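Asker: Top to bottom, those sequences are chains A and B.
Following my numbering, the numbering of the first sequence begins with 1 at its first residue and continues without gaps.
Following my numbering, the numbering of the second sequence begins with 213 at its first residue and continues without gaps.
Hints listed in this document are in silico derivations from the structure and should not be mistaken for laboratory results.
Each hint should be verified, as a subset may be incorrect.
To be verified - Result set (EDC-like, lysine to aspartate or glutamate): computed pairs, CA atoms no more than 16 Å apart in a straight line:
| hint | chain 1 | residue 1 | chain 2 | residue 2 |
| --- | --- | --- | --- | --- |
| 1 | B | Lys371 | B | Glu414 |
| 2 | B | Lys405 | B | Glu381 |
| 3 | A | Lys76 | A | Glu28 |
| 4 | A | Lys76 | B | Asp288 |
| 5 | A | Lys76 | A | Glu17 |
| 6 | A | Lys76 | B | Asp287 |
These numbers come from a predicted model, not from an experiment.
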Amino acid sequence: MILGQVRQPRRVQAYDEELGAAVARAQEGDEAAFAVAYRFVQPGLLGYLHGIVGDDAEDVASDAWLDIARDLGRFKGDGAGFRGWTATIARHRALDHLRRQRVRPRSGGTEQDVLHLAGPHSTHEQALESLSTERALELVRGLPRDQAEAVLLRVVVGLDGPAAARVLGKRPGAVRTAAHRGLKRLARQLGISSETEKGVTDGASRTLGEST
Amino acid sequence: MGERLSGDGGPSRRRVQAGTVSGASEAADVTALETVLAAVLRTGDVDPRAEQRAVAAFRDAGATGARRARTRRRDDWRPAAERRAGRTVRMTFGAVFASVALGGVAVAAIGSAGSSTGGAGAGPRTGQPSAVAPARPGGTAPSAPSAGSRPTDRPPSAKDTQAHCRAYEQVRSRGKALDATAWQRLVTAAGGKDKVAAYCSEQLTRATATPGRRTGQGKPGESAGAAGHGTSGGTGTSGNSSGNSSGGTGDSAGKGRSGGGGAGGKH
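Bound conformation, chain A alone:
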């Protein structure tokens, strides 16, 4: 109910329009259209999964796509909705995977190493320019889980606030805050933040992340 009130009419992006059309055709049984939808969604989904389950992302994504293929007929919505729906399925698969592995999701912890890894960059542009996929992933995985997920869903999957909140089963405000804190922390670690307020309320957010 609360979610329903906060959700706003989306601005349909050109990309999402194409995706939505492909999904609609796939729901009619068009295989090629399903492949198109796959190619639209998979990069963001994999990026998100890499951030949660690391090297197992491909396997988890494969599992998720089995569910997606099976349940596609149930889905209702546009392109943006499809990204949210698929992210939810992928997330459930990822959580199952983590549970099976009995590996606690990484949180916090590595910040110290990460901090001194951040080389001295004379400009912000340099810091960003030299950012590799591995390093970005390492930094994101070093964040508390709730922040990492919020950042990944917003930035990598490209969900809007309400959609990301629905995927995570949280209030939009909480997700927005988590995403923002995560980004600020990343900026700090990359040395592109002008401020040095260390870990505003990281302790609080960590417990939040573990409670999920």
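Since chain A is already given, all that's left is putting chain B on it; use the hints.
Answerer: Leaving out everything else, chain B in the frame of chain A:
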């Protein structure tokens, strides 16, 4: 929950005004960071075998008829207004059906006099849901937040565009393309993928030519804040969401949000 949020919103909005100058550059940094993160973390090369497996699963699902399954609540990702409309249609249909059925019973039981009472009873019932539903999406709640609450919804400010352009220049030089919300916004602003480079160079030259950033910056923040005030009267939640993110998406995002966050953490 609503009260807590609005408690957070107040201080953050005030801080926004205090920290406009350093907040602006910080927000630009965060925007650039988002853009680069999206480019770097989205896995570009999709494994064709994985795609084939997914398509095969899709084919199997079609063959077994699994695709005609019912939509559960969690499968319904239509925008809220549309979902309500769908529900209203169902409710109206149900009401009409019920009234027809009851009317028939009444006709059968009481004769011609009964049918008129049945008809009168049905009138307001069918009328109600359809009268309520359009009023809600048309009201302040969904329309006002769309102006300020969602980062991707607002028209890209000059500052954002510049940040995106800088990020674009950075990843382009490494042969990568941006492929995320920020990138789409940039494409939309430029009017096409192939026009981005030209558009960016124009934007960046303009940015260096006119250092009058602050005047441009003040406006979106304020208007978003106003939207937040306006809606908070209507529904608590949506009002808060727009109030909060006006601190977040505006130029002075950094300070505003961290202020709100700090307060939230102590609870």
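Asker: Give a verdict on every hint.
Answerer: Cross-check of the supplied hints:
1. Of the pairs offered as hints, the one joining Lys371 (chain B) and Glu414 (chain B) holds, with about 13 Å between alpha carbons and a cut-off of 16 Å not exceeded.
2. Restraint check for Lys405 (chain B) and Glu381 (chain B): satisfied, since their Cα atoms lie roughly 14 Å apart, inside the 16 Å limit.
3. Distance check on the hinted pair: Lys76 (chain A) and Glu28 (chain A) sit about 13 Å apart at the alpha-carbon level, within 16 Å; holds.
4. Restraint check: the Cα-Cα separation between Lys76 (chain A) and Asp288 (chain B) comes to about 5 Å, which is no more than 16 Å; the hinted pair holds.
5. Restraint check for Lys76 (chain A) and Glu17 (chain A): the C-alpha separation of about 14 Å stays at or below 16 Å, so the hint holds.
6. For the proposed pair Lys76 (chain A) and Asp287 (chain B), the alpha carbon gap of about 6 Å is at most 16 Å, so the pair holds.
Of the numbered hints stated above, none is contradicted by the structure.
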